[in-house]
Amino acid sequence: MSRVALEHVDKTYPNGFVAARDLSLEAADGELLVLVGPSGSGKSTVLRLMAGLERVSDGVIRIGERDVTDLPPQQRDIAMVFQNYALYPHMTVRENLGFGLSIRKQPRAIIEDRVRTVAASLGLEALLDRKPAQLSGGQRQRVALGRAIVREPLAFLFDEPLSNLDAQLRVETRVELSRLHRKLGATMVYVTHDQSEALTLGDRIAVLKEGVLQQIASPMKLYEEPANKFVAGFIGSPGMNFFEGVLTRIGTGGVCTFQGADFTIRVPCESGTNGRVILGIRPQHLEITDDSARGDGVVRAEVGVVEPMGNEQIVYVTLPNGERAVAIAPVQPRITAGEKVSIRVRPEGIHIFDAGSGRRMAR
Amino acid sequence: MTSVRAAEARAKRKKAAGIQWGSWLFAAALIVLLLFTLFPFYWAIVASLTPEAALFRDPSLWPQQIIADHYRALFVDRDFITPIRNSLVVAGTTTIFCLCVGTLAAYALARLEFKGKAAIMGFILAVTMFPQISIVSPLYLLLRSLHLIDTYPGLIMPYMTFAMPLTVWVLTGSIRQIPRDLEEAAHVDGATRRQSFTKILLPLAVPSLVTTGILTFIYCWNEFLFALSFTLGPERQTVPVAIALFRGQYQVPWGEILAAAVVATAPVAAMVLVFQRRIVQGLTAGAVKG
Amino acid sequence: MRKISRLGYEARLGWALVGPALSVIALIAIFPLGWTVWESLHLHELRMPWLGQPFIGLANYVEIAKDPRFWAALAHTAFFTVVSISLELVIGLFLALAMNRVFRGRGFVRAAVLVPWAIPTVVAALLWRFIFESQGGIANALLVDAHILKQPLVWFIQTSTAWVPVILADVWKTTPFVALLLLAGLQNIDLSLYEAAAVDGANAWWQLRHITLPLLKPAILVTLIFRTLDGFRVFDLIYVLTGGGPGTSTEPVALYTFNALLQNLRFGYGSALSVVIFAITFGLALIYVRGLGVRLGGEEA
Ligand SMILES: Nc1ncnc2c1ncn2[C@@H]1O[C@H](COP(=O)(O)OP(=O)(O)OP(=O)(O)O)[C@@H](O)[C@H]1O
Ligand SMILES: [Mg+2]
Numbered sequence: 001m002s003r004v005a006l007e008h009v010d011k012t013y014p015n016g017f018v019a020a021r022d023l024s025l026e027a028a029d030g031e032l033l034v035l036v037g038p039s040g041s042g043k044s045t046v047l048r049l050m051a052g053l054e055r056v057s058d059g060v061i062r063i064g065e066r067d068v069t070d071l072p073p074q075q076r077d078i079a080m081v082f083q084n085y086a087l088y089p090h091m092t093v094r095e096n097l098g099f100g101l102s103i104r105k106q107p108r109a110i111i112e113d114r115v116r117t118v119a120a121s122l123g124l125e126a127l128l129d130r131k132p133a134q135l136s137g138g139q140r141q142r143v144a145l146g147r148a149i150v151r152e153p154l155a156f157l158f159d160e161p162l163s164n165l166d167a168q169l170r171v172e173t174r175v176e177l178s179r180l181h182r183k184l185g186a187t188m189v190y191v192t193h194d195q196s197e198a199l200t201l202g203d204r205i206a207v208l209k210e211g212v213l214q215q216i217a218s219p220m221k222l223y224e225e226p227a228n229k230f231v232a233g234f235i236g237s238p239g240m241n242f243f244e245g246v247l248t249r250i251g252t253g254g255v256c257t258f259q260g261a262d263f264t265i266r267v268p269c270e271s272g273t274n275g276r277v278i279l280g281i282r283p284q285h286l287e288i289t290d291d292s293a294r295g296d297g298v299v300r301a302e303v304g305v306v307e308p309m310g311n312e313q314i315v316y317v318t319l320p321n322g323e324r325a326v327a328i329a330p331v332q333p334r335i336t337a338g339e340k341v342s343i344r345v346r347p348e349g350i351h352i353f354d355a356g357s358g359r360r361m362a363r
Numbered sequence: 001m002t003s004v005r006a007a008e009a010r011a012k013r014k015k016a017a018g019i020q021w022g023s024w025l026f027a028a029a030l031i032v033l034l035l036f037t038l039f040p041f042y043w044a045i046v047a048s049l050t051p052e053a054a055l056f057r058d059p060s061l062w063p064q065q066i067i068a069d070h071y072r073a074l075f076v077d078r079d080f081i082t083p084i085r086n087s088l089v090v091a092g093t094t095t096i097f098c099l100c101v102g103t104l105a106a107y108a109l110a111r112l113e114f115k116g117k118a119a120i121m122g123f124i125l126a127v128t129m130f131p132q133i134s135i136v137s138p139l140y141l142l143l144r145s146l147h148l149i150d151t152y153p154g155l156i157m158p159y160m161t162f163a164m165p166l167t168v169w170v171l172t173g174s175i176r177q178i179p180r181d182l183e184e185a186a187h188v189d190g191a192t193r194r195q196s197f198t199k200i201l202l203p204l205a206v207p208s209l210v211t212t213g214i215l216t217f218i219y220c221w222n223e224f225l226f227a228l229s230f231t232l233g234p235e236r237q238t239v240p241v242a243i244a245l246f247r248g249q250y251q252v253p254w255g256e257i258l259a260a261a262v263v264a265t266a267p268v269a270a271m272v273l274v275f276q277r278r279i280v281q282g283l284t285a286g287a288v289k290g
Numbered sequence: 001m002r003k004i005s006r007l008g009y010e011a012r013l014g015w016a017l018v019g020p021a022l023s024v025i026a027l028i029a030i031f032p033l034g035w036t037v038w039e040s041l042h043l044h045e046l047r048m049p050w051l052g053q054p055f056i057g058l059a060n061y062v063e064i065a066k067d068p069r070f071w072a073a074l075a076h077t078a079f080f081t082v083v084s085i086s087l088e089l090v091i092g093l094f095l096a097l098a099m100n101r102v103f104r105g106r107g108f109v110r111a112a113v114l115v116p117w118a119i120p121t122v123v124a125a126l127l128w129r130f131i132f133e134s135q136g137g138i139a140n141a142l143l144v145d146a147h148i149l150k151q152p153l154v155w156f157i158q159t160s161t162a163w164v165p166v167i168l169a170d171v172w173k174t175t176p177f178v179a180l181l182l183l184a185g186l187q188n189i190d191l192s193l194y195e196a197a198a199v200d201g202a203n204a205w206w207q208l209r210h211i212t213l214p215l216l217k218p219a220i221l222v223t224l225i226f227r228t229l230d231g232f233r234v235f236d237l238i239y240v241l242t243g244g245g246p247g248t249s250t251e252p253v254a255l256y257t258f259n260a261l262l263q264n265l266r267f268g269y270g271s272a273l274s275v276v277i278f279a280i281t282f283g284l285a286l287i288y289v290r291g292l293g294v295r296l297g298g299e300e301a
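Chains as they are written, first to last, in our numbering: chain W, 1 to 363; chain F, 1 to 290; chain R, 1 to 301.
Incorrect hints may have been included.
Stated by the list, open to error - When the alpha-carbon atoms are kept at most 35 Å apart in a straight line, the in silico DSBU-like pairs for lysine-lysine are as follows: (1) F:Lys115 x W:Lys183; (2) F:Lys115 x F:Lys199; (3) F:Lys117 x R:Lys66; (4) W:Lys209 x W:Lys183; (5) W:Lys209 x W:Lys221; (6) W:Lys183 x F:Lys199; (7) W:Lys131 x W:Lys209; (8) W:Lys340 x F:Lys199; (9) W:Lys131 x F:Lys199; (10) R:Lys217 x F:Lys115; (11) W:Lys221 x F:Lys117.
Everything labelled a hint here was simulated from the structure, so no lab data went into it.
Chain W extracted, bound-state conformation (with noise of 0.2 Å):
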């Protein structure tokens, strides 16, 4: 096992689009490291340039010490699992399994061997002898899987591969991913779109957009202090709320006023930031309280939907200037749209963008 690296890598398709710039991130030796962006955000291009399907415009790729950036995929000792899992048709399960190890001219016996104890542990014994067509998607998804694990690679590659399988499965198959992950200690990169899946499953999260890379961090950091508004607003369910204003010191004490258009809050701030900012606070760090609360943080609002979950309810809102915020309430008591609620922005859970640039400025 053993790390994979970009450092610096640029890449630029035939057609001149830019899909990675500078891109520099490593998955460390053991680590599963989870890439996450919207759709269009070079994350399948990542993955395609650390299997070598892909060649770098610039920069440099590293698979344990060595560098791999000029070698094609067959000789970089990877191995990938692709979103539709890319079974080959023509050969049955076993063979699929097998494929990896008869190529590198393995002996025919350890094949067979090594095929039958990844087999049995994923539990597709009875399958060796179907070809792909005769399965179902969860166990389609399953050989993929053993495919990958079967040649015992330095690296593992996953292209979002639980989004062909329903909700449960899908979750089944996380916690089984994560199971695998610890059991063999591999190395593994994970591309999903799915910030909850990243969030779940990932050592460490590398956010892209655009080809470029936003932040890379642990679930725990990414949440609680995203490194700009595009971040915190991908990361957690529902996206967190902002709020344009002024940022206003008072005094020395390190306070400031945050002046938005709906309302007014305290908020602590270090020296230097004043001017024209962005407030972010996930719904979760809105109070809604019934309508005569008055005083700092606090704004009148009209509930429009409300969307019961059985342990809480989410209320979306309109406040009086037309900006529209989702909070979190518990299950009581309960909220009916129509209703005028008051709603207190929690200083705690602020965070404070800068209006331009987008990036985090400290709390």
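Position chains F and R with the ligands against the provided structure of chain W, taking the given hints into account.
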């Protein structure tokens, strides 16, 4: 709300009426077209089994008396086996050669990125639209100077002019429809380019190869102008030329001509009936797109 | 640096794989084409070898321009092409719409219409020639029985009637191909468009005019290209059906050229005719591709 519903109901009623009307017309027109399509075949088969004398006295849509004389005459007196053998040799060799060479080219055009690819595709398409007549004269002179007039190579070579571009074009279209990620998976699994070609792509392309082969074979089997220009006598004539040049002593030997037509049609018709779905796919692969 | 060598590798492999096919095509199609041009600038009568092969410049082309038989042949070709393609497009569109529907026996219909396309043109021509034979032809018998004709007609003795079997045979043989190309286009049209239109109360005719035909335009244009070029190359069909007759009144350019080359062995003049045909087809193709903005499905873009 109600008005929308009323409109929908009206639309439905209208549509139902339209379908009734339309489907009768539709069925009638389809039947007429089918009759138009099938009648010449029916008539050829009937006539090829009718004695010559009866054929010209009073043609009747139903066979009065069935004989196999024309077929016997065809193979015994006329040695129709020879043109069939010629056609098989020429069309078969051309098809196999084109498939071998064309598969490589189609793989490159479908899978590799290189400068000039678009130009090559355009060039190949242009050649498929080439009027054959415009190269008859030099080919004739060339074959004559190589002493290849009235030989198999003297037909196979000219046949490449249309068979090769056709093969490459159709094959490229169908290889593009095979998902690329299977070969990519093979690469990651450790296969070299050659291995991913022979172990993954080629087995998956077998149906396309068969289809393309059938198409190419049909085109070669049917070719007339070159076969007419570059053969001299019955020794090397292909089926279409032999049939077109049938002569009788006093009159056109229609009975034998029709028997020959049935014989020449049967294999192609059989192929089409068996492979119709694939042939349609092959014909339209890459031909029509957005 | 790296990138260049990598691209260089794919390019070399690409050209190496395309090479054999390309050189075959170049050798037997492009090189002869050049030769045709060269021939066309010379006097070359195979019947009169003592004349040698002197260079005569554009004299052959001048002769073509003044040759009434050539202009007549060109007119015949254009007439044949326009009439047969119009019929084929209309009938082919109907067939395509029919085959796009789900009904019992659809597979049978598709196979049945495909057979005429697949058989040799020569055979098709002979079948129709037999149907239209003056003596004992079934066409005459049926038409007389139906009192459309008073007496049997000698179809091939008059220009106007000689075209009937020619056009019918071409329509019969080629409509399936047209229908298939159009069908492929039809199958790319999103069905929900029709459902939406039907809910809005649009009738079948409106749907045909405002959904099917506009969206089918690319397929129709591609078909038009293929068929026009085919039409200008027509040879087998007329060679067998009328032999260009009566006289030369149904002779198309390809047949005239063939006669000049292999009947009269006038290789210089015949080659010039070949070049002219090539230029016409090439020009037509260019007009279609450029002027009508047809995209042929070469690139994935
Ligand atoms: N071969 C190519 N040529 C040109 N542009 C490409 C190519 N492949 C991808 N792109 C472009 O590069 C960008 C990134 O693509 P990529 O497939 O990496 O996105 P992604 O993050 O995986 O998206 P998704 O979540 O939809 O899979 C996209 O805008 C895409 O259009
Ligand atoms: Mg992707």
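inquiry  = Check the hint pairing lysine 115 of chain F with lysine 183 of chain W against an upper bound of 35 Å on the C-alpha distance.
reply    = violated, 47 Å
query = Is lysine 221 of chain W close enough to lysine 117 of chain F, meaning Cα to Cα at most 35 Å?
reply = violated, 49 Å
query = When you check the alpha-carbon spacing of lysine 131 of chain W and lysine 199 of chain F, does it fall within 35 Å?
reply = holds, 16 Å
inquiry  = Given the hinted pair lysine 117 of chain F and lysine 66 of chain R, is their Cα-Cα distance within 35 Å?
reply    = Cα-Cα ~43 Å, so violated.
request  = Please work out if lysine 209 of chain W and lysine 183 of chain W have their alpha carbons no farther apart than 35 Å.
outcome  = holds, 32 Å
query = Can the restraint linking lysine 115 of chain F and lysine 199 of chain F be considered satisfied, given a maximum Cα separation of 35 Å?
reply = holds, 27 Å
query = Taking only the CA atoms, is the gap from lysine 340 of chain W to lysine 199 of chain F under or equal to 35 Å?
reply = Not OK: lysine 340 of chain W and lysine 199 of chain F at ~68 Å, beyond 35 Å, violated.
request  = Below or equal to 35 Å on CA atoms is what counts here, so check lysine 183 of chain W against lysine 199 of chain F.
outcome  = Since the Cα atoms of lysine 183 of chain W and lysine 199 of chain F sit roughly 33 Å apart, the hinted pair holds (cutoff 35 Å).
request  = Quickly compare the C-alpha distance for lysine 131 of chain W and lysine 209 of chain W to 35 Å and report which way the hint goes.
outcome  = Cα-Cα ~39 Å, so violated.
query = Is lysine 217 of chain R close enough to lysine 115 of chain F, meaning Cα to Cα at most 35 Å?
reply = Status holds; Cα separation ~31 Å.
key: Distance restraint between lysine 209 of chain W and lysine 221 of chain W, which requires alpha-carbon spacing of 35 Å or less   = Answer holds: lysine 209 of chain W to lysine 221 of chain W is near 18 Å, not above 35 Å.
The earlier numbered hints that this structure contradicts are 1, 3, 7, 8, 11.
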